[in-house]
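*Asks:* Start counting the sequence shown at 3; every next residue gets the next number (this note's numbering).
What the hints contain is simulated information worked out from the structure, not anything from laboratory work.
Glycine included, each C-beta is placed from N, C-alpha and C at the ideal position.
Worth double-checking, as some hints may not be accurate.
As the list claims (entries may be wrong) - Computed spacing ranges between beta-carbons, pair by pair:
1. S52 <-> D139: 38 to 48 Å
2. A39 <-> T64: 32 to 42 Å
3. Q152 <-> H43: 52 to 62 Å
4. T113 <-> G154: 18 to 28 Å
5. T57 <-> P20: 46 to 56 Å
6. G154 <-> M187: 46 to 56 Å
7. E34 <-> D139: 34 to 44 Å
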Amino acid sequence: LYRNVEQAEIQEHGAYDPHTWVSPYEARLQAEAIYDALMRHDPANADGYSERWNTLNEELMTLDLSYSAQLSTRTKTSIFVTHDAFGYIARRYGFEQKSIVGISAAAQPGTETLTQIIQQIQQTDTYTIYIEPGYSDAYVQTVKVELQAQTGKHVEVLNLYHMNGDQDGLDYLAQMGNNLENLRMGLES
């Protein structure tokens, strides 16, 4: 499942980034491995598995192509996220993620970290910050207020779903679609 992990990522996190399911490309590879295993171990239900796999495969391939096409015209090269959950998407579609708290969403950033993020945002002229619904946005709001005070620029806070179940009335694939729209907006701003 983790065959596409790069050595730089292992060095950065000390372990594999587990967030493969947020990438349509990686999710399709995982779904295909599951489909293949089900077909080998339960051939009696092959028709049902094949029907569901064909639908999911098409949806994920379409999303992957949409991500590639829509993010290829970006004007920015970095996104700022609450935590490192979007590395597979960033690498696949050609941009960099910079996080406030690292790989653990439960971590809380210190003043020095927030100061560094504010400086990086200014250096990249990227005034969009992504937050995952369901997590506290207190430190993101602190960064937003400070950036706006320092620069006079509007700072946009957009959702990037982590896809841990239905949220905001959106299922897994709808969350992927929403993520694409918000990434496109932030990377073109």
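*Asks:* Work down the list of hints and note, for each, if the structure agrees.
*Replies:* These are the hints, each one checked on the structure:
Our hint of 38 to 48 Å for S52 and D139 holds, since their Cβ atoms are close to 43 Å apart. At about 24 Å, the beta-carbon gap between A39 and T64 misses the expected band of 32 to 42 Å. In this structure the hint that Q152 and H43 lie 52 to 62 Å apart at CB holds, the actual value being about 58 Å. About 22 Å separates the C-beta atoms of T113 and G154, a value consistent with the hinted range of 18 to 28 Å.
For T57 paired with P20, a C-beta distance near 26 Å fails the hint of 46 to 56 Å. Taken as a hint, the range 46 to 56 Å is violated for the pair G154 and M187, whose Cβ atoms sit roughly 21 Å apart. Hint check: E34 to D139, Cβ distance near 36 Å, so the stated range 34 to 44 Å holds.
The structure fails to meet hints 2, 5, 6 from the earlier list, while all remaining hints are met.
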